[in-house]
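Enquirer: Using the hints, position chain B against chain A.
These protein sequence lines are chains A and B, in that order.
Numbering of the first sequence is given in numbering that gives the first Met the number 0, commencing with residue 0 and proceeding in unit increments.
Numbering of the second sequence is given in numbering that gives the first Met the number 0, commencing with residue 0 and proceeding in unit increments.
Errors might be hidden in some of the hints.
Covered stretches of chain A, as calculated for chain B (at least 3 residues, CB under 8 Å) [as the list claims (entries may be wrong)]:
| hint | stretch |
| --- | --- |
| 1 | 127 to 137 |
| 2 | 165 to 171 |
| 3 | 176 to 186 |
Per label pair, the in silico range of CB-to-CB distance [to be verified]:
| hint | chain 1 | residue 1 | chain 2 | residue 2 | range |
| --- | --- | --- | --- | --- | --- |
| 4 | A | Thr312 | B | Ala92 | 55 to 65 Å |
| 5 | A | Phe190 | B | Lys105 | 41 to 51 Å |
| 6 | A | Pro159 | B | Pro43 | 41 to 51 Å |
| 7 | A | Lys98 | B | Lys105 | 55 to 65 Å |
| 8 | A | Pro159 | B | Lys68 | 13 to 23 Å |
The hints are simulated quantities; they were obtained by calculation from the structure and are not laboratory data.
A virtual CB, placed ideally from N, CA and C, is assigned to each residue, including glycine.
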Amino acid sequence: MQQRNRCPKIGDHGLTLMESANCESGLLVSSIAKQTVAFRSRSVFAICATLFMIVALLLTAIAPVAMSIGIVFLFAGPHNYAEARYFLTRLPARMGRLKTFFIVSAVGVVSLTITFPLLTRLPNWMQWPQISVLWLLGIWNTTLILWCSALAWLRSRQRPKRNWDYALPIGLAMAGLTWVQPILLPLLLVFLHPLMGLWVLDREIAKSSPEWQTVYRRCLCCVPVMLLILWTIGPGTSTDLVLFDISHSARNQISHHAGAAVLTMINPAKLIATHAFLELLHYGVWLVAVPAASGRVFSDGFRNIPLMKRSGTFQNLISALLLISACVVAVLWVCFTADYSTTRDVYFTVAMLHVLAEVPFLLRLL
Amino acid sequence: MVQIIELIICILVMLLVVVFLHGTVLGDIPPVPPEFPGTQIELPAVSTIVIAGVLLSLAVALAGVMAGKAGNSFRRKIGLAIGATLLAATVAAAAFAHQQHSEHEKQTKNWRSPGPVEQFSEPPQQEDVDTDQGSDAAAKSLPENR
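The shape of chain A in the complex, shown without the other chains (with noise of 0.2 Å):
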């Protein structure tokens, strides 16, 4: 690269002096070029993230059950397919060294995804006692941070090797404090998984666009100021059910989600907007920012994803798989249109698998 910009000395080839300055100042003005064109860029990033951070703050705090309702009902499906389309860009046509890495996520995943829902329903079922919710969830928490612990581990065999060998001590030490209050490792993946949609984007803007890393980095920043904004001067009662007409059950449904049930010393009109502004943000993250940044997600068609280069088969099934993806889309805004509150419990019982499916990827991007 360097080789093509720079310019021949004087005498090479029988080069002028005239024809060295012209090389040289060509240089210069496609450099500034680009330099211009990277500070406009970062410009538009900078200005786009923060007013989308700020109106995103502004609207929960205002209206937060509703923001909750219209996001959810809006955001949830398209955010789960635009996931679908990046981990497809990003899974390689050929497993070779990663196989046992891709085996233990989608098993870890899959089990993790199916045993989540019976935690409580399982009780119920058998009769078994009350308390034996909290040992179902001790072990499911238990064998949530093992697997964690035990991809951070295969990861850091593969290229680029890390050095994380302390990820199995570390691993072990957060189960055994999860055991202490079992119920809070599910609520705290509730408030965490937006966070990891940040993580994904900053390692793909390292990545793709590093121009825009410095101003994201800040805009960071500026997540916990809002909350802590949210949380001083926020909505002290949720204010809009009568202005949106929402019923208290729905409010009552939505507080639980957000954790008021377990969090009870926390006004849930704050647990709400804090999990709405956070749902935003991540959905803006999914929607808008990783495929900006990466370039590969919804660009190009489905060329970007290397796994239908592989076979002819491999081409229809997935495309067959993504067109399904796509209709269960609508399916889910005929369904929330339906009936809210059902689709609702249902579509975050099921969401675990994203939330669990965003792991590996990001270990992979570290």
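Expert: Positioned in the frame of chain A, the structure of chain B alone reads:
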């Protein structure tokens, strides 16, 4: 045409899955979900201490072994020593919690109800008190349309 039919079938299947999940597998989800079953209860202290303590001890010991692998045997020894201390502390704490628990259970077992509270057959009567004055005052405080 075949693709469109396939698409419609897919949508119908998905709708059926949602309905099935709603009605059969997940059980009827009430519009106002009840409080999470785990919020009102806690794991027994002994079990929590044993599980958390053993896992933490293992973590520290394993970290020590990892450090030893890097060639620092002093760190390994320190890690193993802290792990062993934590394990001993776990056993002691569990034994203490168990003792507390059994004492509490014994007290609960030996506790006897004092029986029904004796009811006064008659309200205590005060002598030399002009009750008429009191009733007059009470009558005055009542609204007009009594």
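Enquirer: Please go over all the hints and tell whether each is borne out by the structure.
Expert: A quick look at each hint next to the structure:
Check result for the stretch 127 to 137 of chain A against chain B: holds, 7 residues qualifying (beta carbon to beta carbon below 8 Å, three or more required). Under the rule that three or more residues need a Cβ within less than 8 Å of chain B, the assignment of the stretch 165 to 171 of chain A holds, with 6 such residues. Requiring three or more residues with a Cβ within less than 8 Å of a Cβ of chain B, the coverage given for the stretch 176 to 186 of chain A holds, as 5 such residues are present. Range check, A:Thr312 to B:Ala92: Cβ separation about 59 Å, and the 55 to 65 Å hint holds.
For A:Phe190 and B:Lys105, the Cβ-Cβ distance of about 43 Å falls inside the hinted range of 41 to 51 Å, so the restraint holds. The given range of 41 to 51 Å is respected by A:Pro159 and B:Pro43, whose C-beta atoms sit roughly 46 Å from each other. Checked against the hint of 55 to 65 Å, the pair A:Lys98 and B:Lys105 passes, with Cβ atoms roughly 58 Å apart. For A:Pro159 and B:Lys68, the hinted distance range of 13 to 23 Å is satisfied, since their beta carbons lie about 21 Å from each other.
When held up to the earlier numbered hints, the structure conflicts with none and fits them all.
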